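Chemist: The task is simple: from the sequences and hints, build the whole structure.
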Amino acid sequence: MNEQIFRKYVVRRKSPIAIDKIFTYSLWLVASMILLLVTFLLIRILWNGLPGISLHFLTGLPDEIEAGGGVGPFLFNSIYILLISMILSLPIGIGSGIYLAEYAPKNHLTGFIRTSVESLASVPSIIFGLFGYVLFVDIFQIGLTILGAGIALSLLNLPVITRVTEEAIQAVPTELREASYALGATKSQTIWKVIIPAALSGIITGSALAACRAFGESAVILLAGGTGTSGIMWDFNPMSQGGTLPVHLWYVQSEALVEDAKQIADRSAAVMILCILLINMIIRLPILIRDFRMWKH
Amino acid sequence: MKLEGNIKSSSYLPAQGFKIKARTKNVRNYLFFLFCLLSALMLGVVLFCIVLFIGKTGLLVFKDVSVMEFFFSTTWEPYDGKYGAAIFILGTLSLTALTMCFAVPLSLALAVFIVEVAPDWVKKILRPMLDLLVGIPSIIYGYLGLTLLIPLLRNITGSIMGDGLLAASLVLTVMVLPTITRISDDAITAVPKDLREAAYALGSTRFQSIFRVILPAAKPGILTATVLGMARAIGETMAVVMVIGNTAQIPGDLLTPTAVLTSNIVMQIIDVQFDSTWNYALYMMAFLLLIISSLMILMIRRIRGKGE
Numbered sequence: 001m002n003e004q005i006f007r008k009y010v011v012r013r014k015s016p017i018a019i020d021k022i023f024t025y026s027l028w029l030v031a032s033m034i035l036l037l038v039t040f041l042l043i044r045i046l047w048n049g050l051p052g053i054s055l056h057f058l059t060g061l062p063d064e065i066e067a068g069g070g071v072g073p074f075l076f077n078s079i080y081i082l083l084i085s086m087i088l089s090l091p092i093g094i095g096s097g098i099y100l101a102e103y104a105p106k107n108h109l110t111g112f113i114r115t116s117v118e119s120l121a122s123v124p125s126i127i128f129g130l131f132g133y134v135l136f137v138d139i140f141q142i143g144l145t146i147l148g149a150g151i152a153l154s155l156l157n158l159p160v161i162t163r164v165t166e167e168a169i170q171a172v173p174t175e176l177r178e179a180s181y182a183l184g185a186t187k188s189q190t191i192w193k194v195i196i197p198a199a200l201s202g203i204i205t206g207s208a209l210a211a212c213r214a215f216g217e218s219a220v221i222l223l224a225g226g227t228g229t230s231g232i233m234w235d236f237n238p239m240s241q242g243g244t245l246p247v248h249l250w251y252v253q254s255e256a257l258v259e260d261a262k263q264i265a266d267r268s269a270a271v272m273i274l275c276i277l278l279i280n281m282i283i284r285l286p287i288l289i290r291d292f293r294m295w296k297h
Numbered sequence: 001m002k003l004e005g006n007i008k009s010s011s012y013l014p015a016q017g018f019k020i021k022a023r024t025k026n027v028r029n030y031l032f033f034l035f036c037l038l039s040a041l042m043l044g045v046v047l048f049c050i051v052l053f054i055g056k057t058g059l060l061v062f063k064d065v066s067v068m069e070f071f072f073s074t075t076w077e078p079y080d081g082k083y084g085a086a087i088f089i090l091g092t093l094s095l096t097a098l099t100m101c102f103a104v105p106l107s108l109a110l111a112v113f114i115v116e117v118a119p120d121w122v123k124k125i126l127r128p129m130l131d132l133l134v135g136i137p138s139i140i141y142g143y144l145g146l147t148l149l150i151p152l153l154r155n156i157t158g159s160i161m162g163d164g165l166l167a168a169s170l171v172l173t174v175m176v177l178p179t180i181t182r183i184s185d186d187a188i189t190a191v192p193k194d195l196r197e198a199a200y201a202l203g204s205t206r207f208q209s210i211f212r213v214i215l216p217a218a219k220p221g222i223l224t225a226t227v228l229g230m231a232r233a234i235g236e237t238m239a240v241v242m243v244i245g246n247t248a249q250i251p252g253d254l255l256t257p258t259a260v261l262t263s264n265i266v267m268q269i270i271d272v273q274f275d276s277t278w279n280y281a282l283y284m285m286a287f288l289l290l291i292i293s294s295l296m297i298l299m300i301r302r303i304r305g306k307g308e
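Taken in order, these protein sequences are the chains called A and B. Each residue of the first sequence is one higher than the last, beginning at 1 in this note's numbering. Each residue of the second sequence is one higher than the last, beginning at 1 in this note's numbering.
No lab work stands behind these hints, which were simulated from the structure alone. Predicted, not measured: the structure shown is a model, and the values here were computed from it. Backbone N, C-alpha and C fix where the C-beta goes; we use that ideal spot for every residue, glycine too.
Derived EDC-like pairs (lysine to aspartate or glutamate); straight-line CA-CA distance at most 16 angstroms:
#1 B/K82 with B/D64
#2 B/K56 with A/D138
#3 B/K124 with A/D291
#4 A/K187 with A/E175
#5 A/K21 with B/E116
#6 B/K123 with A/D291
#7 B/K193 with B/E116
Label-pair distances were calculated between CB atoms; the ranges are:
#8 A/L35 with B/R154: 24 to 30 angstroms
#9 B/T74 with A/I139: 29 to 35 angstroms
#10 A/E178 with B/A198: 37 to 43 angstroms
#11 A/E167 with B/R212: 28 to 34 angstroms
#12 A/H108 with B/T157: 52 to 58 angstroms
#13 A/I282 with B/L38: 29 to 35 angstroms
#14 A/I282 with B/R302: 37 to 43 angstroms
#15 B/L38 with A/F236: 26 to 32 angstroms
Calculated from the model, a selection of chain B residues having no Cβ within reach of chain A, i.e. all distances over 12 angstroms:
#16 G81
#17 T157
#18 K219
Modeler: In C-alpha cells form, the structure reads like this:
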C-alpha cells in the first residue's frame, strides 16, 4: 500500500521534470537550427557573390547582351533614391513624431493622426508603389523616374520615422524639460536644444533602420521607378528612369538575356547584404564601444 | 512730448530690443508648432490620398464586372474579359495561413528560448542577429528561395516545378520569423518577475511556468506580434513573386504554381493600359489588400484594448 502511494508520487513528481528537460533541449535544438540556417544563408550569399565583386562591377555599365557588365547606374540610383527619400521623409517624420510626443492634446484629431500612422505602417509596400504609379504616370504624366521613386519611397519611411521619433522623445526624462522651462526657454527652444539632442541617438538608430528597409525595397521602385536606368554613370537628372539594385536583381534573374545573369544576381545580392551589414555595424558601433569599455573595466 | 521722445529714443531702447526678441521668440515658437502639426497632418493626408486614388481607380472595375464575378469567379482571363479574382484572394489567404502555421510555433519557441533559457552571451548574439534579419531585402529572400529552396523541393518531392504555396510559405516563414520573434520576445520579457517567482515557488518546472503562467500573461503581445507578422506576409510582393509560379490556377497541391494578390498585381500592372478594366481590376485587388491591412490594425487595437 505504502509502496503504491510512493510509486504514484514518484511517477507524478518525476514526469514534469522529464518533460521540462525534453522541452529545454528541444528549445536549444530549435534555436540552434534557426541560427545555423540563417548563418548558412548569409555566408552562402557572400561566398557566391564576394569573389566576383570588383570596382568594374560596382561602377561599370550594365550590358544587355555580352557578359561582364556592371551594376554601376543601379547602385548609384539606389543611393540617390535613398537620399531623396530620406531628405523628404526625415523632416516630416521627425516633425510629426515631435507633434505626437510633445504637443498632441487628447482629442479626436490626435486619435485620427495616430490611426493614420498605424495604418500607414501596415500598408503593404506594393500599395505605395501603385500610388506612386497613379500619381506620376497617370496624373502628372512624368513617367517612371528617380524622383517619383524617391517620393513613393519616402511615404514608406514616414510612419517608421514618426514612430521611432515619438518613442525616442518619450524616453527623454521629464526633468530635462522642466529644467529648460525653468531657465525661461520656450517650448520650441526646449525641443530644439534639449529634447532632440537627448533623443538623437534613438532617432538616428531608428532612421537608419528605416533607411535599411528603404534601400532593399523593390516593389515600390519597380512600380514608381521602373527597371531601367538612363544608361549613364553619375546621372544626377531626377527625371531619368530609377531602377535600383534590388530591382535589377529581380530583372536579371527573371528576364535578362545576358549569359552571366546568375553571377550578376549573386554579386548584386552580396553587395546588398554588405551594405545592410555596414549600416547595421555603423548603428551598433556606439553600443559595441560602450560594451567593450565596460568589459575592459 | 519731449519726455516721451527721450524715452523712445534713448533709455528704453534695450527694453524694446528685448521686446522684439521676445516677439520673434514667440513667432518662432508658434511656427515650429505649426510645422510639427502640419507634418503630422501630412501623414493623414497621405493615407487619405492613397485610399482615395487606389479605391477610386479600383471601384471602376465594377462598371464592367459584377461584384459576384470579381469575388467568387475563379476565371481570370483578362483577354476574354473575365475578371474573377477568387484565385488570388484564396491564394493570399491560404499562403498566409500556411506561413503562420510554420512561423508562429517556431518564432514562439525562439522567443521563449531567448528570454527564459538562453544564457546572456547567446542573447547578445541572437537579438542583434534577428534585428539584422528584419533589414535584409525581401528580394534576397526571394532569390535564395529561387536558387536554393526550389531545387531542394524538386529533389525531395520529385515534382517538376517546385514553385507554389509550399515554397512561398517557407520563404515567408524565414521573413516573418524575426518580426514575430522580436515582438514576442519583448512581450515575454515584459511579464513581471513576480509571476515567474510565484510559479517557481509553487514548485512548477520551467516548462509548467512557461505554459501556464508566462505565455498566458504575454498573450496580448504575442497576438499583436502574430498579426503584424501576418500583415507582413500578406503584403509581401517580390519574394513571393519569385517562388510562387505566377499562374492563375487553383493549386491542387502545395507544389503547383499559383498566384496571390500581390504577385499578380506586380506581374501585370506594367503591361496594361491605364484606363482598361484589366487595370481597374488590379487596382481593386490592391484596394482589397489595403482593406485587409486596415482590418489587421483594427484587430491589434482590439487586442491592445483587452490587454490594458
